[in-house]
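Line order of the protein sequences matches chains A and B.
Be aware that the first sequence starts at 1, since it is given in the UniProt record's numbering, and climbs by one per residue.
Be aware that the second sequence starts at 1, since it is given in the UniProt record's numbering, and climbs by one per residue.
Just so you know, these hints were derived from the structure itself, not from any lab.
Glycine included, each C-beta is placed from N, C-alpha and C at the ideal position.
Hints may be right or wrong, so weigh each one.
Stated by the list, open to error - Under 8 angstroms between C-beta atoms, here's a sample of chain B residues computed to sit facing chain A:
#1 T19
#2 Y73
#3 E145
#4 F148
#5 R149
#6 I156
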Amino acid sequence: MDGLPGELCLKIFHLLDHQSLASAPQVCRKWWTLTSDDELWRKLFNDRWGADAAAFYAPEGSRSWKDVFVVQDRCDRYGLGVRIIREGSDYYLIYQGEIQRYLGSRQEADGDDKVPHQKTEVEQRQVSDRILFFLGDLEAACANAKRVKA
Amino acid sequence: FCEICLTNNCDGSAGKIATMIALVSSDNERFEVSEEAASQSQTIRNMIEDGCADGGIPLPNVTSSVLAKVLEYCNKHAATTTPDAASTEAVIGSAGTRAVLGPARHGPVVLRAVPCRAAGRRCPEGCRLDEGQDAGADQATFKIENDFRPEDVEKIRKENAWAFEE
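Sequences are here, hints too, so could you generate the full structure?
In structure tokens, the structure reads:
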């Protein structure tokens, strides 16, 4: 498959769902470039939410169709309000599907023998500290988001 | 069960006039198929025309269970495929494996055989490339060299973690 020309790879990528397209970019640079193809994600957006939504949420400026898809996918999952969510091992503050603030990461539950026990504790405390203090940040984050939207 | 046309209701016609080609799966099982059926893959057709098919064509990324299903598809479509047929089909194997087939006009390209999760899992958007962020498996299967640094791979993985939360 390494020898397949780009257009053929792209045709195959057009058959895939968004999860496959989200796991493919890390395989190699060629796949990373191809999987961010704007038309790929515009079509996925259109198929999932319809032409009207696609017209309304079409990306402007430097935003790509993939960016728009990701935000809409988060809105479907979490709603439009302020939320604290986890994606992978990272915690984020989101509003209307957009990331407002990175809050921290968590260690894997199983732990790593090489990682000293102390470091795990410190990192966990950092995450909970940040969540504890988010109340003040929350207002600031929402204010920023509303200003951008307006 | 007929070994030649890979069906239970063989009428004996498949073996009579067809030239047989051997395809060898990754677990070294030989499948005899008619040249016509095997030629639906442009790659295999090229190998046949170049005379490389003697001794069998090895398919190192396809197991015998998946290959059996793909050949069933090929045999079914050998007589009916038109050059414009652009359909794709995800074939679900009996052991819960799935072969993803590329566009028919390029011949069935087995992209990946993956074990499915529970049989009841829906695939709402059609084909799946794999079950998660298993880039290593894709690289091994397709023999792609990863030209990213490990920290870049990690960064990309984090950027795409949104797709894998329930």
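Report task. Report holds or violated for the interface hint on B/R149, using the least CB-CB distance to chain A and a cut-off of 8 angstroms. Result -> Not OK, violated: B/R149 not within 8 angstroms of chain A, min 11 angstroms.
Report task. Hold the hint about B/F148 up to the distance rule: shortest CB distance to chain A must be less than 8 angstroms. Result -> 7 angstroms, holds
Query - Hint validity - B/T19 Cβ closer than 8 angstroms to any chain A Cβ - result: 28 angstroms, violated
Query raised in the report: Against chain A, with CB atoms and a cut of 8 angstroms, does the hint on B/Y73 hold up?
Result: 16 angstroms, violated
Query raised in the report: Under the criterion of a CB-CB separation shorter than 8 angstroms, is B/E145 in contact with chain A as hinted?
Result: 7 angstroms, holds
Query raised in the report: Would the hint on B/I156 stand, with a C-beta cut-off of 8 angstroms toward chain A?
Result: Because about 4 angstroms separates B/I156 from the closest Cβ in chain A, which is inside the 8 angstroms limit, the hint holds.
Checked against the numbered hints above, the structure breaks hints 1, 2 and 5 and satisfies the rest.
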